[in-house]
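The residues making up each chain are set out below.
There are 4 protein chains.
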Amino acid sequence: MAGDSFGRIFTVTTFGESHGTALGCIVDGCPPGLALGEADIQRDLDRRRPGRSRHVTQRKESDTVEILSGVFEGVTTGTAIGLLVRNEDQRSRDYEKIKDQFRPGHADFTYFRKYGRRDDRGGGRSSARETVMRVAAGAIARKYLAERAGIRIQGYLAELGPYRLNPVALDQVDDNPFFCPEPDKVAALEEFMIALRREGDSIGARVNVIASGVPVGLGEPVFDKLEADLAHGLMSINAVKGVEFGDGFRVVQQRGSEHRDEIRPEGFAKNSSGGTLGGISSGQDILVSIALKPTSSIQVPGATIDTSGKATEIVTTGRHDPCVGIRATPIAEAMVALTLMDHYLRDRAQNHEVDRGSHPA
Amino acid sequence: MAGDSFGRIFTVTTFGESHGTALGCIVDGCPPGLALGEADIQRDLDRRRPGRSRHVTQRKESDTVEILSGVFEGVTTGTAIGLLVRNEDQRSRDYEKIKDQFRPGHADFTYFRKYGRRDDRGGGRSSARETVMRVAAGAIARKYLAERAGIRIQGYLAELGPYRLNPVALDQVDDNPFFCPEPDKVAALEEFMIALRREGDSIGARVNVIASGVPVGLGEPVFDKLEADLAHGLMSINAVKGVEFGDGFRVVQQRGSEHRDEIRPEGFAKNSSGGTLGGISSGQDILVSIALKPTSSIQVPGATIDTSGKATEIVTTGRHDPCVGIRATPIAEAMVALTLMDHYLRDRAQNHEVDRGSHPA
Amino acid sequence: MAGDSFGRIFTVTTFGESHGTALGCIVDGCPPGLALGEADIQRDLDRRRPGRSRHVTQRKESDTVEILSGVFEGVTTGTAIGLLVRNEDQRSRDYEKIKDQFRPGHADFTYFRKYGRRDDRGGGRSSARETVMRVAAGAIARKYLAERAGIRIQGYLAELGPYRLNPVALDQVDDNPFFCPEPDKVAALEEFMIALRREGDSIGARVNVIASGVPVGLGEPVFDKLEADLAHGLMSINAVKGVEFGDGFRVVQQRGSEHRDEIRPEGFAKNSSGGTLGGISSGQDILVSIALKPTSSIQVPGATIDTSGKATEIVTTGRHDPCVGIRATPIAEAMVALTLMDHYLRDRAQNHEVDRGSHPA
Amino acid sequence: MAGDSFGRIFTVTTFGESHGTALGCIVDGCPPGLALGEADIQRDLDRRRPGRSRHVTQRKESDTVEILSGVFEGVTTGTAIGLLVRNEDQRSRDYEKIKDQFRPGHADFTYFRKYGRRDDRGGGRSSARETVMRVAAGAIARKYLAERAGIRIQGYLAELGPYRLNPVALDQVDDNPFFCPEPDKVAALEEFMIALRREGDSIGARVNVIASGVPVGLGEPVFDKLEADLAHGLMSINAVKGVEFGDGFRVVQQRGSEHRDEIRPEGFAKNSSGGTLGGISSGQDILVSIALKPTSSIQVPGATIDTSGKATEIVTTGRHDPCVGIRATPIAEAMVALTLMDHYLRDRAQNHEVDRGSHPA
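Residue numbers (my numbering), protein chains in the order written: chain U, 1 to 361; chain W, 1 to 361; chain R, 1 to 361; chain Y, 1 to 361.
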């Protein structure tokens, strides 16, 4: 299986370029009997959609999803689900003038060298537009997990450049275009982004995801620890440069007596581990955090080379997100959903007969 | 393929528990014609071996590896390579008294609930002893990469609790039991560890790995980006709670104009990206960093429950690493080697015919 | 990876039902730089298309393929190729009256019990219409193999009920609707099929495929022997009940002195083995043969049960192939192409450095 | 995953050569809680063991299996199971004189060309000795299937050269060294084999396997149809040249009205399909049959070339099975067990929530 597939049992395989005809995916292994319609998927696609605010790309796309197979009379049949989203706003001409230049910080250079050619229209396959299908497939996983396993997945913007945002109102995350969990700070973020755009620059961000209601037992002992597969999925999102669980990099300075989560008959005393022990979910919330780099598609001129190796200067115009982290929240949620879904089924395959009892911890 | 395998083409599958009969692995897909003997593997195993200093577990094991197949007349044949290391020092009685208790911060609880039972001798499969086989398999990958592709992989201890260690003398990393790249600080580390042991506590650490000589073109566009697969491998190491590449979590505060690595005819101006662009190696050094939690096997008493759900107090005696990060350097190197090896072959499978030219960047 | 994917490196994943909106597939891992247009794929789809003669289903479909991604300026980019064929002639009402009955010899019963429901329109996912995408993906593999590796794949109808057809004119196979390699017998086949249709019955068939120009070295030693993967692919075609290589089941009566293919400096003396030794291609032609059962969609009434378990009688009207084997030739060729393509890349991944010399045998 | 692994969820990965140190495997994904000891595995190994009669290789091996991990206190833990069998009778000198010659009908030639070298001691990895580990792993699958799912797997010798053997006494298959199901014919087989050995020649065979008690629902719609995965597993056994299900190649001459298995409220009227419909088990017995070629390791001189391409004559002495089909019965059973086990878990993963009811058909 080549690199466009994710998951072992609940598998999603995607295709599609930024400025190609369409994006699509195949979701394989979905249990039958799940009520599913385009609206269930569209909801998450709309959360990710460009053009929701002036702080993200102004590309105009309805991102309307079409279910092509695997659903009959409103219910999944158990066979492969084909999804399709047509591209509508392929303004390739924006890219004409830089088609022989390698944008610094972009995949232009590496694609060109790896494959000997590249689709120069908007980044082709390397565009974040590829994540449309992650979100679409993730919506199916998420619906199943919510309805059959009681698992809820909620992401939010945790940092945007100098702003640290605390999860004081997770229920209001979807009410603002930043997925900001601290409503008081939305105005400041707006202002910051306006200033940034004026400078033609971009900014990094941190997105956190919490999965609650996760049963104990998901994940496998060695290479496919739950964090390992989550890290795989999250690090595969464009622009992500770091992933951490629970206390994350703070553990470097911690002592064992401080880090360990003591266990009491009524449950764990705290959640420094981020919801896993030995690679297997503990029944606590899964807490994961990712760092997203500032996009390199900026109007500040930069030095680069062209395809013949000669020095040149580049300025990226066109419709770009000055903070790719803003729209990353539904994408990160989708990758968490896909990973948990796969492990939910993997665990059921092997361990269905285990009596897990029901005491709190 | 279940969770004990890693890699798509160059695959390692492992087995073995802390206090079982033996640990072993099968390395599948190794190119033929590589000169390989037990000494090539033993070298890396010795670097990881317990008992090298008083700051790591005092378990006495020679960790002698036996090549059982796949090598004929000193050269790999192209068929499956079987490796075996017998356990020699299985002092299970250390665990007798805590066999019905769940050590906080350990896999005891999650294994018990996932599988309905657990091998209570030294953590069984969840023990860091499992990493012996990662190092053994990694040694093969590493040898191939060095000899055929000119790729070198070097790890070091970058932080230990309050100490930050700079890579001023990477060639001396192997000369001290900490894999410390700053020889002047070894004495201070010694002192710190002695005090820590006296308190019966443990400490976290950070390990960095640099892969140099990596050709442009390794990694795949979407889910199997090079960082995604590296993160998968590294996050699957026991105690790892975070992974970052290049500037890592610092990107959250960066601007695009600061982060992007400009390209000049003679090469990249800097390496904030950590050696990949769009998930594909750029020809720069791969820079990756992991956070390791302090082990929870400490003598400071802690609250927990037993298998019947009742509250109890636990004290872990026995032979434990007060800083699991110390011995993590060769393990992290091994996971980087295995990932690069797999992608080296994957890239060759698909893109062998591409003329990648030879200009610097 | 669930059951809708085939191949390890060159992977095809499909979706689509007989009477759904569309059929599609994703081809992952295709080398870049291959000239590819819709016409290249359409050629093979047209060979498989229904309605080519009165001896196959009269379903009216243009089976027009659309390339949605992975090709830029007429050449493959190395990224995922998305293909789509819209269904045009979904006369579901033919199935209304049997939607609560299980057609004997069909997947109706097993799908219903496995998934708890089934898409009752024309067999849904179990319909042979699914093979459209095998042929489409196979066309890409086949083009690469022909252009880059000199491998040619040719199938033909070898038996149809009582008729045994010898490969006397392989170049004329495409000139008749039966893929019959013996032009003299086409008239007899026509007559036989007309009589059969009058009786409302169906007939079995045998299809042979020859792959020539296959280099020595494709296939892997143990579970993924070349024949094993070919058998997997071919046996996964609807209605196939047997697969054999070279002398096939005739080996049961053979002696070793008779079966073994002696080797001479100028090559093998004969090809009883069918082109592999120890699971690895020998450089001889790959010879494989499959048995296709007569379809159970016939007008001869038969006993069955309905979804409530009650006895009933069934008559299948609608548009069915009285001999599914007739159109199986391009499908079998496609599965051979996909398997050889995958192994060609797998072999290159591991063994590219091997000097295979050039002496004849 | 390279070619030494079989299965998706219940996976076996093997290593080992004919004359190497040891053979071993890792069984991954086994459900926890299965009582398992070496004796459970040894029973099947003994059925396959050489030296059981004078009609098979006289190699003296106890084939004693050691469980190295994954079992604790007599019960599987859910983690990887490591198995090891040491080689004891490695008389490599038998091969000295033919080490530069390619035995016709053997893998010598293809291994040499594929890998650029070969382990010339007894066929190395290509030896049927590799099947020891198939049988060992299969024994675990088989025990689980019998105890938890009520599935029984029984193979027998169905043809040996000119002898056709009917399954009149399946309970006596293990009582004779041929796995012959027709006790009256054992004497004739003995006589035939003695004459054959005198001539220094070998003979082909057919082995049938019946799996009973298989629940409805195993197998997946498209590429991983149950027959496709069974064919993959069975065709990967050394010397197998054909696989067929139910009526197999006889379907070529059948009509639909004859082939289809009518369904009655009390069950299917007959079993021409061999236990699957649309790739999914129907609840009937799985009936599969394989053809095994006569070994080419015979004393009748044959023409071949040496590694430099020069013509030579070869005579294979040493300890060879004059009919490899004789010992193939437990091996074929093992591959059926491994395949059914994997699909049992795959089906549970996806479809556990489906209410399959309980009416007979």
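Hints listed in this document are in silico derivations from the structure and should not be mistaken for laboratory results. Hints should not be assumed to be uniformly reliable.
Pairs involving identical chains hold if they fit within one copy or between any two copies, as the list cannot separate such chains.
Said to hold, decoys possible - Here are the simulated lysine-lysine pairs, DSSO-like style, with alpha carbons at most 30 Å apart:
1. Lys270 - Lys99
2. Lys97 - Lys270
3. Lys310 - Lys185
4. Lys97 - Lys310
5. Lys60 - Lys310
6. Lys60 - Lys270
Homomeric proximity label, Lys270 with Lys99: Cα distance no greater than 30 Å: between (52 Å within a copy, 23 Å between copies)
Same-copy or cross-copy closeness of Lys310 to Lys185 [CA-CA at most 30 Å]: Neither: 45 Å inside a chain and 45 Å across chains, both beyond 30 Å.
Alpha-carbon proximity context of Lys97 and Lys310, limit 30 Å: within (16 Å within a copy, 62 Å between copies)
Up to 30 Å CA-CA - Lys310 versus Lys60, copy category: neither (35 Å within a copy, 56 Å between copies)
Identical-chain pair category, Lys60 with Lys270, by Cα at 30 Å: For Lys60 and Lys270, neither the intra-copy (45 Å) nor the inter-copy (35 Å) Cα distance is at most 30 Å.
Lys97 and Lys270: within-copy, between-copy, both or neither at 30 Å Cα: between (55 Å within a copy, 26 Å between copies)
Going down the numbered hints, you'll see the structure goes against 3, 5, 6, while the others check out.
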